[in-house]
Amino acid sequence: MGTGDRFENKADEVKGQAKQGLGEAADNDRLKNEGRADEAKAGIKDKVEDVKDAAKDLFGGDKKN
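Numbering (the working numbering), first residue to last: 371 to 435.
Rather than coming from a laboratory, the hints here were simulated on the basis of the structure. Since we're looking at a predicted model, the values are computed, not measured. Each hint should be verified, as a subset may be incorrect.
[Claimed, not checked] As a list, the in silico BS3-like pairs of lysine-lysine whose alpha-carbon atoms are at most 25 Å apart:
{"#": "1", "residue 1": "Lys415", "residue 2": "Lys380"}
{"#": "2", "residue 1": "Lys385", "residue 2": "Lys426"}
{"#": "3", "residue 1": "Lys402", "residue 2": "Lys385"}
{"#": "4", "residue 1": "Lys402", "residue 2": "Lys422"}
{"#": "5", "residue 1": "Lys426", "residue 2": "Lys411"}
{"#": "6", "residue 1": "Lys385", "residue 2": "Lys417"}
{"#": "7", "residue 1": "Lys422", "residue 2": "Lys411"}
{"#": "8", "residue 1": "Lys426", "residue 2": "Lys402"}
{"#": "9", "residue 1": "Lys385", "residue 2": "Lys411"}
[What the hints assert, rightly or not] So the derived label-pair ranges between C-beta atoms look like this:
{"#": "10", "residue 1": "Asp397", "residue 2": "Asp427", "range": "27 to 37 Å"}
{"#": "11", "residue 1": "Asp427", "residue 2": "Phe377", "range": "18 to 28 Å"}
{"#": "12", "residue 1": "Ala396", "residue 2": "Asp427", "range": "41 to 51 Å"}
{"#": "13", "residue 1": "Leu392", "residue 2": "Asp427", "range": "12 to 22 Å"}
{"#": "14", "residue 1": "Ile414", "residue 2": "Leu392", "range": "31 to 41 Å"}
{"#": "15", "residue 1": "Asp427", "residue 2": "Asn398", "range": "19 to 29 Å"}
{"#": "16", "residue 1": "Arg400", "residue 2": "Ala425", "range": "35 to 45 Å"}
{"#": "17", "residue 1": "Glu378", "residue 2": "Arg406", "range": "34 to 44 Å"}
{"#": "18", "residue 1": "Arg376", "residue 2": "Arg406", "range": "18 to 28 Å"}
{"#": "19", "residue 1": "Ala425", "residue 2": "Ala395", "range": "37 to 47 Å"}
{"#": "20", "residue 1": "Ala425", "residue 2": "Glu378", "range": "37 to 47 Å"}
The beta carbon of each residue, even a glycine, is placed where N, CA and C say it ideally should be.
Given the sequences, and given the hints that come with them, work out the whole structure.
Okay, here's the thing in structure tokens:
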């Protein structure tokens with residue numbers, strides 16, 4: 371698993387939360403929806419990383435001695 375991928379996913383999640391907050395403050399539905407989409411995208415990408423990690427654990431990938 372790449373820590374960079376996890377960091378990028380978290381950044382997307384925070385960006386989505388910020389957009390939602392700004393959309394709420396400005397009563398801007400488009401911005402709120404973009405924020406929700408950014409958060410959902412980050413969540414999906416994070417789940418994909420979880421699956422990759424589980425597969426590596428299961429099949430013994432990236433073993434370093």
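Consistency of the hints with the structure:
| no. | hint | in the structure |
| --- | --- | --- |
| 1 | Lys415 x Lys380 | 10 Å, holds |
| 2 | Lys385 x Lys426 | 29 Å, violated |
| 3 | Lys402 x Lys385 | 11 Å, holds |
| 4 | Lys402 x Lys422 | 31 Å, violated |
| 5 | Lys426 x Lys411 | 23 Å, holds |
| 6 | Lys385 x Lys417 | 18 Å, holds |
| 7 | Lys422 x Lys411 | 17 Å, holds |
| 8 | Lys426 x Lys402 | 36 Å, violated |
| 9 | Lys385 x Lys411 | 11 Å, holds |
| 10 | Asp397 x Asp427: 27 to 37 Å | 46 Å, violated |
| 11 | Asp427 x Phe377: 18 to 28 Å | 21 Å, holds |
| 12 | Ala396 x Asp427: 41 to 51 Å | 44 Å, holds |
| 13 | Leu392 x Asp427: 12 to 22 Å | 39 Å, violated |
| 14 | Ile414 x Leu392: 31 to 41 Å | 23 Å, violated |
| 15 | Asp427 x Asn398: 19 to 29 Å | 43 Å, violated |
| 16 | Arg400 x Ala425: 35 to 45 Å | 38 Å, holds |
| 17 | Glu378 x Arg406: 34 to 44 Å | 18 Å, violated |
| 18 | Arg376 x Arg406: 18 to 28 Å | 21 Å, holds |
| 19 | Ala425 x Ala395: 37 to 47 Å | 42 Å, holds |
| 20 | Ala425 x Glu378: 37 to 47 Å | 20 Å, violated |
The structure shown violates the earlier hints numbered 2, 4, 8, 10, 13, 14, 15, 17 and 20.
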